[in-house]
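Protein chains in written order, with this note's numbering: chain V, 3 to 620; chain G, 23 to 372.
Bear in mind the hints are in silico, worked out from the structure with no lab data behind them. If you're wondering where the values come from, they're calculated on a predicted model, not measured in any experiment. In this text, a Cβ means the ideal position worked out from N, Cα and C, and glycines have one as well. Treat the hints with care, since some could be wrong.
Distance condition first, Cα-Cα at most 20 Å in a straight line; then the derived PhoX-like pairs of lysine-lysine [stated by the list, open to error]:
{"#": "1", "chain 1": "G", "residue 1": "Lys365", "chain 2": "V", "residue 2": "Lys208"}
{"#": "2", "chain 1": "V", "residue 1": "Lys350", "chain 2": "V", "residue 2": "Lys263"}
{"#": "3", "chain 1": "V", "residue 1": "Lys602", "chain 2": "V", "residue 2": "Lys549"}
{"#": "4", "chain 1": "G", "residue 1": "Lys313", "chain 2": "G", "residue 2": "Lys287"}
{"#": "5", "chain 1": "V", "residue 1": "Lys173", "chain 2": "V", "residue 2": "Lys263"}
{"#": "6", "chain 1": "V", "residue 1": "Lys263", "chain 2": "G", "residue 2": "Lys298"}
{"#": "7", "chain 1": "G", "residue 1": "Lys298", "chain 2": "G", "residue 2": "Lys214"}
{"#": "8", "chain 1": "G", "residue 1": "Lys123", "chain 2": "V", "residue 2": "Lys262"}
{"#": "9", "chain 1": "V", "residue 1": "Lys406", "chain 2": "G", "residue 2": "Lys168"}
{"#": "10", "chain 1": "V", "residue 1": "Lys598", "chain 2": "V", "residue 2": "Lys578"}
{"#": "11", "chain 1": "V", "residue 1": "Lys263", "chain 2": "G", "residue 2": "Lys351"}
{"#": "12", "chain 1": "V", "residue 1": "Lys518", "chain 2": "V", "residue 2": "Lys406"}
{"#": "13", "chain 1": "V", "residue 1": "Lys409", "chain 2": "V", "residue 2": "Lys518"}
{"#": "14", "chain 1": "V", "residue 1": "Lys262", "chain 2": "G", "residue 2": "Lys351"}
{"#": "15", "chain 1": "G", "residue 1": "Lys298", "chain 2": "V", "residue 2": "Lys210"}
{"#": "16", "chain 1": "G", "residue 1": "Lys182", "chain 2": "G", "residue 2": "Lys168"}
{"#": "17", "chain 1": "G", "residue 1": "Lys351", "chain 2": "V", "residue 2": "Lys409"}
{"#": "18", "chain 1": "V", "residue 1": "Lys109", "chain 2": "V", "residue 2": "Lys87"}
Have a look at the derived ranges for each label pair, beta carbon to beta carbon [said to hold, decoys possible]:
{"#": "19", "chain 1": "G", "residue 1": "Arg372", "chain 2": "V", "residue 2": "Thr104", "range": "46 to 54 Å"}
{"#": "20", "chain 1": "V", "residue 1": "Lys171", "chain 2": "G", "residue 2": "Arg372", "range": "19 to 27 Å"}
{"#": "21", "chain 1": "G", "residue 1": "Leu342", "chain 2": "V", "residue 2": "Leu107", "range": "53 to 61 Å"}
{"#": "22", "chain 1": "V", "residue 1": "Glu258", "chain 2": "G", "residue 2": "Gln335", "range": "37 to 45 Å"}
{"#": "23", "chain 1": "V", "residue 1": "Thr237", "chain 2": "G", "residue 2": "Asp124", "range": "31 to 39 Å"}
{"#": "24", "chain 1": "V", "residue 1": "Thr237", "chain 2": "G", "residue 2": "Val186", "range": "43 to 51 Å"}
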Amino acid sequence: MQTHPVINDFVIRFANVNGTGSASANNMFAKAIFRMGIPVTPKNIFPSNIQGLPTWYEVRVSEKFYLGRREGVDIMVCINPQSMKADIASLPAGAYFIYDNTKPLHKDLIREDIHYIGIPLTEITVREYSDPRQRLLFKNIIYVGAMSALINLEMEVLKQIIAEQFAGKEKLIAPNHHALELGSQYVKEHYDCPLRFRLERRDLLKDKILFEGNAACALGAIFGGASVAAWYPITPSTSVVDAFSDYAEQYRTDEETGQKKYAIVQAEDELSAIGMVIGAMWNGARAFTATSGPGLSLMQEFLGLAYFAEVPAVLIDVQRAGPSTGMPTRTQQSDITLAAYASHGDTKQVLVIPSTPRECFDMTQNAFDLADQLQTPVIVMSDLDLGMNDHISDPLECNSSGFKRGKVLTASDLEQMERFGRYLDADGDGICYRTIPGTHPTRGMYFTRGSSRDEYAIYTEDGAAYKRNMDRLAKKWETIKSYVPRPEFYQAHLEHEYGIIFFGTTVYSALEAKDKLALAGINVDAMRIRSFPFNQEVEDFIRSHHKVFVIEQNRDGQMRSLLINELELPPTQLIKVINYDGLPITSHQIEMQILKHLDKLPQAASSAAKSKTLTDSF
Amino acid sequence: MSYQRPNFRHPELPVNALGFRKRDYEGSLSTLCAGCGHDSIGGALIQACFELNIEPHRLAKLSGIGCSSKTPAYFLGNSHGFNSVHGRMPSVATGANLANKDLLYLGVSGDGDTASIGVGQFVHLIRRNLNITYIVMNNGCYGLTKGQDSATADKGSKSKAGSVNAFQNIDLPGLAIELGAGFVARSFSGDKLQLIPLIKAALAHPGFALIDVISPCVTFNNNVGSTKSYDYVRQHVDATSTVDFIPPANEITTQYDSGDSVQLKMHDGSILALRKIQQGWDPTVKDAAVKALHQSYADNEILTGLIYINEDQQDLHRLLNTCDTPFNKLTEIDLVPDPAILKEINDSLR
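Using the sequences and the hints given, assemble the complete structure.
In structure tokens form, the structure reads like this:
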């Protein structure tokens with residue numbers, strides 16, 4: 003077995019029981035690593051369950067800033083006997099298995115090629131605490147304390163986090179500190195500390211923050227001026243509205259009167275939720291809903307209405323594994339097609355695709371400006387991984403120079419107008435002027451409808467008038483390309499034969515794979531798509547490469563299909579690189595799929611690939 | 023096709039207190055069948071808004087899909103309108119109302135739109151007590167798709183093609199009372215004398231107000247054997263009382279015998295004067311209203327007029343404790359926190 007130390011580059015997985023208070027201990031663990039200035043990425047791998055089923059918390063530490071998921075657990079902290087057998091079997095040789103040795107392990111669970119670190123967690127808690135609930139909760143703190151000694155996680159940092167967490171409940175600080183010490187002392191007395199995988203303080207994070215995408219979207223909605231949130235509970239989007247509720251309570255409520263400058267309506271279903279958003283934005287307020295795949299399916303008809311009647315709306319889609327109920331607590335990027343072409347008839351919807359909490363904040367805030375300016379729905383395409391896990395991110399900043407309300411006419415504008423035409427393309431950009439109900443006693447009224455009408459919003463079934471309107475909407479679509487976020491590039495010049503394209507949370511593993519490929523002698527140019535419709539730069543990038551790998555987290559390569567369809571590209575030019583098992587894609591998966599396509603799989607991997615699939619089974 | 027109504031009107035037509043003529047409350051020419059009950063309801067709405075001195079731009083009209091939902095194009099042409107999707111008008115109206123609590127909202131729907139595809143949204147609209155006047159133009163059938171029974175068609179009612187409806191009807195006023203609606207009325211498109219004051223009272227009511235208006239479909243459901251034909255409705259109408267609506271500023275000039283009338287003072291100061299009150303019915307007592315409805319069904323009668331009223335309920339804005347300024351008047355200053363808080367938030371995330 004290898005013995006040389008591995009500094010700041012490993013994966014730890016905690017195997018817990020859902021609903022036992024492990025989440026806050028695990029969060030504290032990740033935050034402490036973050037505070038040591040070391041890049042860290044925690045991921046909850048949780049069941050669709052309230053209490054009792056196995057749940058895992060996986061933390062990758064990488065001082066090279068590789069923050070995607072990585073296969074192969076180096077340290078398994080097993081608090082859950084239910085999953086113990088499978089957890090042990092999943093470990094690679096040389097890994098550490100940390101477990102509660104109050105009772106001895108069954109001999110079937112002993113592997114010769116891994117290290118066992120037993121800590122009598124139950125025994126310690128029974129000895130130290132009388133209340134069963136306390137035993138359960140402090141067990142979590144004790145194992146975090148043990149990790150402190152085992153991997154050099156600074157005890158002072160942990161203690162500080164606890165002190166902050168219990169500010170106002172100071173009585174709880176000392177017992178928690180004591181629990182940390184119990185774990186630490188035990189392992190120091192019984193094992194050589196630290197283990198081979200260990201931490202060393204760095205200063206790599208500067209002003210970065212550790213934040214989850216859903217809360218960042220909620221904060222973006224606050225800064226974007228949303229006053230109406232209409233929603234229907236659905237995992238994994240629920241915490242968007244929960245966070246909006248918390249922030250709005252704090253920042254939008256009059257301290258004296260308790261009156262609120264916002265309304266949150268839990269609708270009877272997703273159809274109603276998007277209907278309320280459309281009604282509110284039609285009437286001049288800013289509104290949003292948050293949902294996931296099944297909800298987005300239900301919203302299709304209304305999204306077509308908003309597209310055709312040109313009503314602004316903002317929707318945050320936190321994608322999960324479909325189809326149907328699919329895997330509600332697992333991540334995917336599989337709503338791309340559904341969102342881009344939402345509704346019947348010739349419809350296209352504006353998508354913005356964040357990769358980081360900072361982008362969740364910026365893009366949600368900006369979505370309200372875009373929706374108002376473009377008079378059409380804007381869908382923020384997040385996913386479960388981004389939304390519900392903490393990610394290292396640039397700090398939040400407000401760069402807004404005031405709301406951009408777009409072409410909305412005031413009473414005095416209307417006074418100076420000959421005749422108002424709601425669907426008249428006065429500026430030649432396909433975007434027309436609108437009025438808000440109640441603006442002027444006798445001018446500017448129009449009838450909003452999902453049926454065909456002429457430039458003055460008068461109902462018509464004249465095919466020529468219908469076609470003029472559809473053509474203007476197509477022209478507007480061209481205009482939109484200059485409004486939506488541009489792609490991000492990762493090189494000064496395009497110089498390679500191959501390119502890789504990715505979006506959303508795929509960025510983390512894609513950039514790591516890019517480096518790995520370079521080590522294997524394969525250099526690629528990289529581009530991250532941030533919106534739909536595709537800007538000219540997206541097309542230029544693809545056309546300047548012989549072949550482009552499109553990396554995404556769905557089975558069918560939905561973004562690839564969208565690119566081929568919208569840009570009229572030859573399908574053979576775009577190669578699908580995918581993962582759809584519900585866990586975030588890894589750099590290894592990307593690297594292997596690209597090497598395989600190029601027929602450059604290393605000998606060992608090539609034969610391994612024949613015997614089992616490339617996707618790591620978990 | 024819709025046709026724009028010619029602009030010419032006689033200069034000496036009467037004006038209301040705000041200087042608006044009745045034509046200012048009209049819309050484009052109706053494209054419904056000649057004799058359609060819906061056009062009479064539109065006429066009643068025009069008259070009610072004219073008499074109530076409503077500024078046309080202070081009212082928004084919303085509808086779903088169907089013959090009924092087309093009608094907002096044919097009245098209140100100076101008011102913004104929104105013809106949304108089938109059965110989903112309540113959600114659009116809820117969003118619109120949340121955005122601006124200062125406008126009046128008129129929801130126009132039909133029996134298919136409300137009792138079938140939209141029954142879920144209808145139910146939850148009542149539950150939230152949105153401040154809206156919700157008019158169902160109820161003809162018991164689907165007109166635009168050529169006469170299929172709707173969910174409000176009475177059991178045993180015969181269609182034009184001769185088939186008898188085997189299914190229990192959904193009784194919208196009964197459902198609304200059960201769900202806690204604070205203003206429930208039924209009327210008949212052919213009885214403007216009753217309908218106009220009911221519309222006025224509904225608009226004055228500070229919460230959800232339902233008027234279920236039986237509005238015969240002359241083309242598909244006006245045959246012998248139909249319980250929604252003009253003849254049948256005329257023969258079976260039974261009013262709870264007569265209704266007079268007296269706006270706050272108006273002097274009460276009519277005298278009523280105290281024994282035979284009730285004057286209900288509404289929250290905005292309006293008076294609802296009810297005369298010739300049916301025995302055993304009290305519009306302010308839920309049980310009595312429900313009982314009167316059930317009795318009318320047992321007697322094969324169509325009970326019209328005000329059925330139930332309860333003004334002591336908080337509308338959605340009050341339930342959510344929203345600020346006095348309409349949301350759509352709030353600016354960056356009101357809505358965007360001091361960017362300095364982002365520094366605090368960032369610090370809390372390190």
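The hints, checked one at a time:
At roughly 14 Å between alpha-carbon atoms, Lys365 of chain G and Lys208 of chain V fall within 20 Å of each other, so this suggested pair holds. Proximity of Lys350 of chain V to Lys263 of chain V is assessed by CA-CA distance (about 33 Å); at most 20 Å being required, the pair is judged violated. Straight-line distance between C-alpha atoms of Lys602 of chain V and Lys549 of chain V comes to about 16 Å, which keeps the hinted pair within the 20 Å bound. Only pairs whose Cα atoms come within 20 Å are accepted, and Lys313 of chain G paired with Lys287 of chain G is rejected, the gap being roughly 24 Å.
For the suggested pair Lys173 of chain V and Lys263 of chain V, the alpha carbons sit about 37 Å apart, so the restraint of at most 20 Å is broken. With a C-alpha separation of about 47 Å, the suggested pairing of Lys263 of chain V with Lys298 of chain G is violated against the 20 Å cut-off. A C-alpha spacing of about 18 Å is found between Lys298 of chain G and Lys214 of chain G, which places the hinted pair at or below 20 Å, so the restraint holds. A hinted pair counts as satisfied when its Cα atoms are at most 20 Å apart, and Lys123 of chain G with Lys262 of chain V qualifies at roughly 13 Å.
Under the criterion of a C-alpha separation no larger than 20 Å, the hint pairing Lys406 of chain V with Lys168 of chain G is inconsistent with the structure, at around 47 Å. Of the pairs offered as hints, the one joining Lys598 of chain V and Lys578 of chain V holds, with about 12 Å between alpha carbons and a cut-off of 20 Å not exceeded. With a CA separation close to 11 Å, the supplied pair Lys263 of chain V and Lys351 of chain G stays within the 20 Å bound. For the hint pairing Lys518 of chain V with Lys406 of chain V, the CA-to-CA distance comes to about 43 Å; that exceeds 20 Å, so the pair is violated.
Of the pairs offered as hints, the one joining Lys409 of chain V and Lys518 of chain V is violated, with about 49 Å between alpha carbons and a cut-off of 20 Å exceeded. Between Lys262 of chain V and Lys351 of chain G, the direct Cα distance comes to roughly 14 Å. Compliance with the 20 Å bound is thereby established for this hinted pair. Our distance criterion of 20 Å between C-alpha atoms is broken by Lys298 of chain G and Lys210 of chain V, whose separation comes to about 76 Å. This hinted pair checks out: Lys182 of chain G and Lys168 of chain G have alpha carbons roughly 10 Å apart, not beyond 20 Å.
Among the hinted pairs, Lys351 of chain G with Lys409 of chain V is consistent with the structure: their alpha-carbon atoms are about 16 Å apart, no more than 20 Å. This hinted pair checks out: Lys109 of chain V and Lys87 of chain V have alpha carbons roughly 11 Å apart, not beyond 20 Å. Here the CB-CB span from Arg372 of chain G to Thr104 of chain V is close to 37 Å, at odds with the stated 46 to 54 Å. Remark: the range hint 19 to 27 Å for Lys171 of chain V to Arg372 of chain G is upheld by a beta-carbon distance near 22 Å.
With their beta carbons about 56 Å apart, Leu342 of chain G and Leu107 of chain V fall inside the hinted range of 53 to 61 Å. In this structure, Glu258 of chain V and Gln335 of chain G break the distance hint of 37 to 45 Å, their C-beta atoms being roughly 26 Å apart. Restraint check, Thr237 of chain V to Asp124 of chain G: a C-beta distance of roughly 38 Å satisfies the suggested window 31 to 39 Å. Our hint of 43 to 51 Å for Thr237 of chain V and Val186 of chain G holds, since their Cβ atoms are close to 48 Å apart.
Taken one by one, the earlier hints fail for this structure at numbers 2, 4, 5, 6, 9, 12, 13, 15, 19, 22, listed in ascending order.
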